[in-house]
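Protein chains: 2
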Amino acid sequence: MNYKQLQTPSRTIMTPGPVEVDPRVLQAMSTPILGQFDPAFTNIMNEVMEMLRELFQTKNKWAFPIDGTSRSGNEALLASVIEPGDKVLVPIFGRFGHLLVEICERYGAEVYTLKTEWGSVFEQQVIIDKMKEVQPKIVAVVHGETSTGCMQGLDILGKACREQDVLLIVDAVASIGGVNIPVDEWYIDGIIGGTQKCLSVPAGMAPITYNDRVESVIQGRKKVEYGIATEEEFGSKRANMIRSNYFDIAMIQDYWGPRRLNHHTEATSMIYALREGLRLVLEEGLEERFARHSYHEAALMKGLEAMGLTIYGDPACKLTPVTCVVIPDGVDGEKVRKLMLEQFGVEIASSFGPLQEKIWRIGTMGYSCRKENILKVLQALEAALIRNGFEPKRGEGVQAALDYYDVPSYVLIKEA
Amino acid sequence: MNYKQLQTPSRTIMTPGPVEVDPRVLQAMSTPILGQFDPAFTNIMNEVMEMLRELFQTKNKWAFPIDGTSRSGNEALLASVIEPGDKVLVPIFGRFGHLLVEICERYGAEVYTLKTEWGSVFEQQVIIDKMKEVQPKIVAVVHGETSTGCMQGLDILGKACREQDVLLIVDAVASIGGVNIPVDEWYIDGIIGGTQKCLSVPAGMAPITYNDRVESVIQGRKKVEYGIATEEEFGSKRANMIRSNYFDIAMIQDYWGPRRLNHHTEATSMIYALREGLRLVLEEGLEERFARHSYHEAALMKGLEAMGLTIYGDPACKLTPVTCVVIPDGVDGEKVRKLMLEQFGVEIASSFGPLQEKIWRIGTMGYSCRKENILKVLQALEAALIRNGFEPKRGEGVQAALDYYDVPSYVLIKEA
Chain Y
476 MNYKQLQTPS RTIMTPGPVE VDPRVLQAMS TPILGQFDPA FTNIMNEVME
526 MLRELFQTKN KWAFPIDGTS RSGNEALLAS VIEPGDKVLV PIFGRFGHLL
576 VEICERYGAE VYTLKTEWGS VFEQQVIIDK MKEVQPKIVA VVHGETSTGC
626 MQGLDILGKA CREQDVLLIV DAVASIGGVN IPVDEWYIDG IIGGTQKCLS
676 VPAGMAPITY NDRVESVIQG RKKVEYGIAT EEEFGSKRAN MIRSNYFDIA
726 MIQDYWGPRR LNHHTEATSM IYALREGLRL VLEEGLEERF ARHSYHEAAL
776 MKGLEAMGLT IYGDPACKLT PVTCVVIPDG VDGEKVRKLM LEQFGVEIAS
826 SFGPLQEKIW RIGTMGYSCR KENILKVLQA LEAALIRNGF EPKRGEGVQA
876 ALDYYDVPSY VLIKEA
Chain D
476 MNYKQLQTPS RTIMTPGPVE VDPRVLQAMS TPILGQFDPA FTNIMNEVME
526 MLRELFQTKN KWAFPIDGTS RSGNEALLAS VIEPGDKVLV PIFGRFGHLL
576 VEICERYGAE VYTLKTEWGS VFEQQVIIDK MKEVQPKIVA VVHGETSTGC
626 MQGLDILGKA CREQDVLLIV DAVASIGGVN IPVDEWYIDG IIGGTQKCLS
676 VPAGMAPITY NDRVESVIQG RKKVEYGIAT EEEFGSKRAN MIRSNYFDIA
726 MIQDYWGPRR LNHHTEATSM IYALREGLRL VLEEGLEERF ARHSYHEAAL
776 MKGLEAMGLT IYGDPACKLT PVTCVVIPDG VDGEKVRKLM LEQFGVEIAS
826 SFGPLQEKIW RIGTMGYSCR KENILKVLQA LEAALIRNGF EPKRGEGVQA
876 ALDYYDVPSY VLIKEA
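Protein chains in written order, with the working numbering: chain Y, 476 to 891; chain D, 476 to 891.
Careful: at least some of the hints might be erroneous.
As the list makes no split between identical chains, a pair holds if one copy fits it or if it spans any two.
[Unchecked claim] In silico lysine-lysine, DSBU-like type, Cα no more than 35 Å apart, as pairs: (1) Lys810 <-> Lys697; (2) Lys605 <-> Lys697; (3) Lys697 <-> Lys562; (4) Lys612 <-> Lys697; (5) Lys605 <-> Lys479; (6) Lys479 <-> Lys851; (7) Lys562 <-> Lys868; (8) Lys612 <-> Lys846; (9) Lys851 <-> Lys562; (10) Lys612 <-> Lys562; (11) Lys793 <-> Lys536; (12) Lys813 <-> Lys534; (13) Lys562 <-> Lys810; (14) Lys479 <-> Lys536; (15) Lys536 <-> Lys634; (16) Lys833 <-> Lys590; (17) Lys813 <-> Lys536; (18) Lys868 <-> Lys697; (19) Lys697 <-> Lys833; (20) Lys813 <-> Lys868; (21) Lys536 <-> Lys810; (22) Lys605 <-> Lys536; (23) Lys697 <-> Lys813; (24) Lys479 <-> Lys534; (25) Lys813 <-> Lys607.
Because the hints were derived from the structure by calculation, they are not lab data.
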């Protein structure tokens, strides 16, 4: 068979990830590669660690990506701290809470859950009370739940975990780089970010950071591979070894640390991409970036409501970079999405499980989170609705967004 | 801190991976991304599957990459077939045999090993006899052992495994795309390839393929995630579930198959890279590509020997794309490597464990496997040896390679 040169259609990607990649990141990926132990490359690895510390607002020693898509970061952190029989408490308020449960169960944890209706989150005190009752080793919780567009408050949970000597592990895949997550200030012990969402880097890496409390658990389970171990390490501790080799953070540390002990071969071009993505975040500034995400989120919501649509979920816990919209009665949500994609090249997302065919999800993340995209998605959605049997307030959506954009952004950002 | 724009020094990478990435692959990675369920993207996924079948010379239904570096492919296949207590036989002839043992142990297998001196491989009958004695569920074996530069014969092992109803899983990370591996003809049940070696694609993906014998084991352990399961699937079989979520091939299949059930978000830019890398392989032709690898390997070996150096390992089992060289007595191998890198921008590798400081490893893989690179590595090595106390036959290495290259390549390839 004859395979043609890669050619992709032009797209405006307004899903909750993957989103459009910043052109500077795309460029960085076409840089020729370096060998994995070339000092020019290990310097880049060190720079990425430094920049990740800034992104996560932490003084943690360890901050590096796991070489896999976002959930590989969740699995690496959980696999490295969970020993069979450990109690883990997971508050569930959407699909990705279930994923955390799933991972914990597979690694032999005794999992306790808290559940709340999709579209809402937990009062932190409810989690704290349950934690005191269960006395788990770990609380694992999603911060930004993309399946429902909800964001769990975390500002007092971490301190309570610390007081009870419980590890707090946070899935911030959808929120990192788009909303404020001061890791140290919130006493988060381990956290996982995503690349293909608010960082606007392609999927394929999962940046994590963790503190010395997590590290001490991990070091207690350390094992060095036969093929590269020194005499003393050969046949080292193994009874409680981490069950995955690929996700064994004790070994990955030795690769990212000064010993540079080979574990895998770092994904060179993806590291270039992550470095450029982080550089863009730091150039923009964290506060400015969070403000930009809120700014365009507001424009989108004003537009959707003016059109006559309903935002899904409790507004008090809305996740800034993901706006969920109730699919109007009688409208086939998939037909609307298809028309938007095929005729306008604009992509929005559906949802999962109980919310499938009930809501659309519109992302305002990273490089995709900009004025022209907000206006495009409102226009394409209006046209697709009209052709699928729903009568919106014609023209009002875009006019509401334009009215909003008429006010200088620094005024709005100050007010927010 | 102020981070500068990414800028990398020019390098001639002659290690056994990662090697230089083909410029067309670098270009493909700078293509804007598509959403993961965009038909334009799922078509690309399907094309990659087709091309991988050609690479692996198989009619298998399943052929796709695991989103992680090479060892993630080993772990995914092994984790998906090994249930705790399963017997696995691993013949070890270098570091990566130990890695297979390590992964199997972590997933609860009862591992039996065969060992031979590093630098040699096994008569296949020895493995077959041991298999008959142990009666394992799986034989897991490395094909191209980069740590020693040796290649294990596999042409009769698979048939013997099939007759005993044993699964044969092969690590072909270092050899795929560089030497002939007819997967179906050799009765290989599951196999893992690497991207950053003979395919000249960056590290970060591990293409695998497996047949229906492997699939039936995997399907017997299937579990669908809570957050996306249908009513009937909810709470489906779990007693013998695969221990890793990320490496659960039963679920990954549903993402690559017609159901397109979300597992992870495919690593978009890496898929673009892999697609272009595979397109280059198929344009060149498998036979022609294997011949090219042998052709330049011969030039390198002639040059090294003419210089007065000794090739390490049993020549009968030499791995075509990796040439190991004995570090002469009294020479500091790391100083030689450092000088080559710093003064000439040429990178060669050291080795692991018992071979550390004993041999250098020179790769002739993929895009790096070309005449100008062979000549450069010989020149840089000669100069570095002279400055580090070893007196080579000055000029002879490059002259021997040039003599070889003077004969038209089609004559040499025909003779081979």
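Results of checking the hints against the structure:
Taking identical chains as interchangeable, the C-alpha atoms of lysine 810 and lysine 697 lie at most 35 Å apart only when they sit on different chains, with a minimum of 31 Å there against 52 Å within one chain. When the C-alpha separation of lysine 605 and lysine 697 is checked against a cutoff of 35 Å, the pair qualifies both within a copy, at 31 Å, and between copies, at 32 Å. With identical chains, the CA atoms of lysine 697 and lysine 562 are at most 35 Å apart both within one copy (21 Å) and between copies (25 Å). Taking the shortest Cα distances, lysine 612 and lysine 697 sit within 35 Å of each other both inside one copy (19 Å) and across copies (29 Å).
With identical chains, the CA atoms of lysine 605 and lysine 479 are never at most 35 Å apart, being 57 Å at best within one copy and 48 Å at best between copies. Taking the shortest Cα distances, lysine 479 and lysine 851 sit within 35 Å of each other both inside one copy (31 Å) and across copies (34 Å). When the C-alpha separation of lysine 562 and lysine 868 is checked against a cutoff of 35 Å, the pair qualifies neither within a copy, at 52 Å, nor between copies, at 67 Å. Neither within a single protomer nor between protomers do lysine 612 and lysine 846 lie at most 35 Å apart by alpha-carbon distance, with minima of 45 Å and 58 Å respectively.
Within a single copy, lysine 851 and lysine 562 get their C-alpha atoms no closer than 47 Å, and across copies no closer than 58 Å, so neither meets the 35 Å cut-off. In this assembly of identical chains, the alpha carbons of lysine 612 and lysine 562 lie at most 35 Å apart whether taken from the same copy (6 Å) or from different copies (33 Å). In this assembly of identical chains, lysine 793 and lysine 536 lie within 35 Å of each other by CA distance solely inside one copy; the values are 32 Å within and 43 Å between copies. In this assembly of identical chains, the alpha carbons of lysine 813 and lysine 534 lie at most 35 Å apart only when taken from different copies (33 Å versus 46 Å within one copy).
In the homo-oligomer, the alpha carbons of lysine 562 and lysine 810 never lie at most 35 Å apart, since the shortest distance is 44 Å inside one protomer and 51 Å across protomers. In this homomeric assembly, lysine 479 and lysine 536 come within 35 Å of each other (Cα to Cα) only across copies, at 23 Å, whereas the closest approach inside a single copy is 46 Å. For the homomeric pair lysine 536 and lysine 634, the shortest alpha-carbon distance inside one copy (20 Å) is at most 35 Å, but the shortest distance between copies (51 Å) is not. In this assembly of identical chains, the alpha carbons of lysine 833 and lysine 590 lie at most 35 Å apart only when taken from the same copy (20 Å versus 59 Å across copies).
Proximity of lysine 813 and lysine 536 under a CA criterion of 35 Å is satisfied inter-copy only: 29 Å between copies versus 46 Å inside one chain copy. Taking CA atoms no more than 35 Å apart as the test, lysine 868 paired with lysine 697 passes in neither setting, with 62 Å inside one copy and 47 Å between copies. Proximity of lysine 697 and lysine 833 under a CA criterion of 35 Å is satisfied inter-copy only: 28 Å between copies versus 46 Å inside one chain copy. Within a single copy, lysine 813 and lysine 868 get their C-alpha atoms as close as 21 Å, which meets the 35 Å cut-off; across copies the closest is 69 Å, which misses it.
Only between protomers do lysine 536 and lysine 810 lie at most 35 Å apart by alpha-carbon distance; the minimum there is 31 Å, versus 49 Å within a single protomer. Taking the shortest alpha-carbon separations for lysine 605 and lysine 536, only the intra-copy value of 31 Å comes in at or below 35 Å, while the best inter-copy value is 47 Å. For the identical chains of this complex, lysine 697 and lysine 813 are inter-copy neighbours only, at 31 Å across copies versus 50 Å inside a copy, given an alpha-carbon limit of 35 Å. Proximity of lysine 479 and lysine 534 under a CA criterion of 35 Å is satisfied inter-copy only: 22 Å between copies versus 48 Å inside one chain copy.
In the homo-oligomer, the alpha carbons of lysine 813 and lysine 607 never lie at most 35 Å apart, since the shortest distance is 48 Å inside one protomer and 56 Å across protomers.
In the structure shown, a violation is registered for the earlier hints numbered 5, 7, 8, 9, 13, 18, 25, in ascending order.
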